[in-house]
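J.: Sequences and hints are given; from them, build the entire structure.
Protein chains in written order, with this note's numbering: chain P, 686 to 749; chain Z, 1215 to 1354.
Because the hints were derived from the structure by calculation, they are not lab data.
Fair warning: there could be bad hints in the mix.
As the list claims (entries may be wrong) - Only part of the chain P face toward chain Z is listed, based on derived beta-carbon distances under 10 Å:
{"#": "1", "residue": "A695"}
{"#": "2", "residue": "V710"}
{"#": "3", "residue": "T714"}
{"#": "4", "residue": "N716"}
{"#": "5", "residue": "Y723"}
{"#": "6", "residue": "L729"}
{"#": "7", "residue": "A743"}
{"#": "8", "residue": "A747"}
All C-beta atoms in this analysis are idealised placements derived from N, C-alpha and C, irrespective of residue type, glycine included.
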Amino acid sequence: MKNSLPQLRAERGWSQGDLAERLEVSRQTVNALERGKYDPSLPLAFKIAKLFDRSIEAIFDANA
Amino acid sequence: MSQSGSSQTEARPAGAALYGIYVVSLAASLLGNLLIRMGAEAGVLPPWGQAVLGAATAVPLMVAAVMFWRLLRRDLDEMLQRIVLEGLAFAVIVYVPLTALYLNLRTAGVWMPRLDPPDILMAPALLVAVGIALASRRYQ
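T.: Right, here's the structure in full:
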């Protein structure tokens, strides 16, 4: 699933490790999320949305 | 998602270390098996000694199993849990039909290599490692 995580992270100047720490997941998971290799669970998607103050649909594109 | 951030970022090294502990524990168990057989053949180990040695050398594997369970439940995030579970599923899915095929062919009289307990113990461990490696590649 495509997403705008890399852009949102870059806007804030965070590394993948920084984002991983904020989301309480591993850096590998952040990397897989950004590359669209792994789709997050609903709780993790909500956590991401809350962290970036966006809706889930604004971050993740289910049609891509 | 109740884990701390620091344990998440360290999940991979922790998992690698645990797999090392698992392999060492497995080696201890196999060594115990070897010593029991050698002791029995040489007549230096009484039956109760063989039983004690057999139980004692299996203890590290039990400790490793508890550590593995704790790692899986507490320290891994959702994707790493998924990778480990897919690895375990791969091992079961491959091990059961292979074992059935081996037993059936052996029963049918087809030549098959003789498998000792160490071989049987090692096969699932190797299959789990292969399964985790395959699952990891899928998410990279």
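J.: Tell me, which hint numbers fail for this structure?
T.: The structure conflicts with hints 1, 7, 8, although it agrees with all the remaining ones.
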